[in-house]
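Engineer: One line per chain: the protein sequences are A and B, in this order.
Using the working numbering, read the first sequence as starting at 1 and increasing by one per residue.
Using the working numbering, read the second sequence as starting at 911 and increasing by one per residue.
Derived by calculation from the structure, the hints in this document are not laboratory data.
No residue lacks a Cβ here, since even glycine has one placed at the ideal position from N, Cα and C.
A hint or two may mislead.
[Unchecked claim] Computed, partial: chain B to chain A, Cβ under 10 Å: (1) Gln956; (2) Gly957; (3) Pro961; (4) Gly970; (5) Asn981; (6) Ala992.
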Amino acid sequence: MVRMISGLVARTCSLWRGIRRGDGLLAEMDEEFRLHLELRTEDLTRSGLPPEEARRQARIEFGSTERYKDEGRESRGLRHFDDVRMSWLDVKLGVRMLVKYPGLTLTGGLAFAFAIWVAAAAFEFAGQVLSPRLPLPDADRVVALESWDAAASSAEPRVLHDFAAWRAGLKSVAELGAYRLAQRNLIASDGEPRPAEVAEISASAFRVALARPRLGRALGDADERPGAPAVAVIGHDLWQARFGGDPNVVGRVVQLGRTPTTVVGVMPEGFAFPVAQSLWVPLRLSPLDYPRGEGPALRLFARLAPGASLAEAQAELTTWGRRAAADFPSTHQYLRPRVMPYAQSVALISGSELFVTRASYGFFVMLVVLICGNVALLMFARAATREGEIIIRNALGASRGRIVGQLFAEALVLLGVAAAAGLWAAGLGVRLLVHAIEANSGQRLPFWFHADLSPWTVLYAVGLTVLGAAVAGVLPALKVTRGLQARLRQAAAGAGGLRFGGIWTAVIVAQIAVTLGFPVVAFNVARDAVNTRAMVADFPATEFLSARIALDREPPPGADTSFAAFVARQQATVRELARRLRAEPAVVGVTLANRLPRMDHPPYMIEVDSGGAAPEHPGFPGGYRTSSATVDADYFHVLGAPVRAGRAFHAGDFAPDSRVVIVNESFVRLVLGGRNPIGRRLRHPSGAGGPLSGGVEPGPWHEIVGVVPDLGMSKATDPKVAGFYQPLAADVAGPLHVAVHVRGGDAAAFAPRLRAVAAAADPTLRVDAVARMDTLSDPAIQFSTFWVRLLAVVSAVAMLLSMAGIYAVMSFTVARRTREIGIRVALGASRRRVVAAVFARPLAQVGLGAVAGGVLTVLLGGGVEQATPGALVGALVYTVLMLGVCLLACIVPTRRALQVQPTEALRADG
Amino acid sequence: MNDQVGVLPGTLDLLILKATSLGKLHGYGVLLRIEQISGGALHIQQGALYPALYRLEHQGLIESEWGVSENNRKAKFYRLTAAGRQRLGQETASWNYLAKAIALALSAAPQEIR
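Bound conformation, chain A alone (with noise of 0.2 Å):
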């Protein structure tokens, strides 16, 4: 046995070295023989043979130096190699092959680079994604716990008790420790009050992350303790941005919410422990001021202990687990504890933003595809051309795997270094992408995501090369040295050769289909913020600045801390800024409402009293979806949207039991089918939720007093959405929106005297999302419009390039066809006949794919009954334009085909 390995290993040795040395090994072999010969007739002299006779005596003895050097290869099993194998003359042609036909250099290379930009950024977003590795020293060790609620079918954050129990009993796991983020003011060194997202965080967080503060000390335990001084650790971002990077900070006192806080340290650039964060405060968290299962929500985090595995430290929380169910049954019977690989427990992407991304990576996929069998053509068409030249190096004695490999080279050649251009443009991507995606959301990503590509990225774009490669390089090679030496008597015979066969065919409607099909994906995706951005609002938006408001849940000591006082000191504290604001002289007007215009308005269903409505929509019958705002008296005063029926709110609208809603133009003719609505009454039917929903029961019935026009009232994808707006009660939770008008000029120069009214108002007042009216818009819809934006350029691209592919192709097709046509016409076939005769296949295959495509555009624009009149006229329009290239291409070449004389026809190659 261990003969036999020893052997293979010396066997696979020798031929990795027969391969590596390559021609060395050839050379080696001269010189061993030659030495031979050499000594042999040294020794043939001095047995008194004369030196011209004792050399010819030595050959003969030898034999042939060729054959043994044959052998010789042979049993180093490099036979096979021969056939195969690369040299560096295959790149060199082909290096100068891509001189040589600059126009597919061009559209191959930069279709391919195109691909593997694209493949390879999504490649790397996608492994950031779905397996991040952390940057931190045994990154593989750090873990989340969590609670896992079998019942709810989500994690249970409630777990401070949990969090002591572990934190004191488990054994597998070290350093645990817990954290919750939340909104605080920070006024630091430069006096303006600016929102800042606080880990307030176990002091073992530096310790499970291994970090080391780069100036003063991180959080230790003794700051947790109940009653410590307030103290906090800053990050490197923090520290440049609100601290000029001062380098004596740390002891600084500075105010945190309302809390005089002093900075004890500042981490090192990077660090952004336990997702993103840059401020970090000790966690004073006791279970014994709250029952159990209630609480503060937690995030968990540890280190597995030394030694131990993370199944081990699955397999004790999962007994305290099974212990914890039979001690505490009302708070824990469902509960599943369980551990983690850290980044698993920071869900990323959800919802919507998930779909689209899943959406997009299919996109990703048909792309790389479509590019691929577009570089094939392009190889095969450029093979064909070449036939002559493979059938006589054939001839000559090249074999047949010689050739292929020939052709491998010179398709590797052009891939790879459209690929290393891709890879570069990839790099760049990654790092627009990370950049864009935290501009739009207003979040930095998790600390683990980095805009540089892994090697995996590399890797996979080298396999995507190689793969590249054999598809353009060896598939069209294969076809082409098919039968060589039938048809190296035919081409003696003066006959041309090869044809497009089946299989190209095929690829070529293929392509035809796709590149018809693909921009619908685009298209669906592009709908909704096209008409986002359509949504016209009837007032001034330049002239309207606004900003979120919310007020920090810690109060003021000695206040109530129940959660109504916190909504209704948030309210009182929101309007007192309001009438600040209205005191300024630059301002017209404020308002205040928890959705402003252009803002996403999710729709509820709603249904109407019984006075006669439009019909419903059948795919969602029983009520009519529409969106509301919850908004304050003088909203349509202030935005001047005249009301257009009925009346605005008035003051005694403000009070609780009131039940009146204003509806907009869209709900008139939407929902009551162009009806008189003052008077009429709508509510939520049982279990629609809603603003106005009454839970199980149908909500209370709410008249309309008043119609105004549409204002951007919208969700997403249709700009004219039935709305309603109600006052906005005292009760109202949520952050609210305040729109300010600003009397001439530009309203983004207010915004810095927003912050410090806001800041007179009440310092812990947090200010944030402040834009200008005209480009305001939700988080949602601006990452929509971004891939849209990313997918119009990427669909536009593919598609230039598929049709210069198709272009190139089919006047080949047709130019191999000069031959035959110089032939009909010299015959007298007419000039009506050839043009048909030659039209026929190009247009059997355009048509054809123009059909598949429309089969793929219907399954991918999610049926016919979407299809507006708009849509229908652009798809048409479209198609057309298709059909013209590949006609245009058809008909260039054959112009000047049946223009060349047919004696010249003849002697055109093929």
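Since the structure of chain A is provided, determine the placement of chain B on it from the hints.
Structural biologist: Here is chain B on its own, set in the frame of chain A:
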């Protein structure tokens, strides 16, 4: 009858292993050594030696290194490896067994088979 005989097919490898077991040799040296230890009785097609050497090297039974020959030329020297020594032992034993068997068979007299 000629005083030299060609080597039997398959026995060249064995002879090369034996020759190299006596010290490291270049290709021509292997040839001379075989002639020497066979008392000049065996004739080898000289060029055929090399494919055999490469085959044995490929199998890991001998190994080579570049050195300087007796006439101060660059030369490749071959040496038996441990695996080669083991193989030589086995092949020698089985050759001796076979030779004895054949000798015995060939020396059989008519009366012995009765």
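Engineer: If you test the structure against every hint from before, which numbers come out violated?
Structural biologist: none
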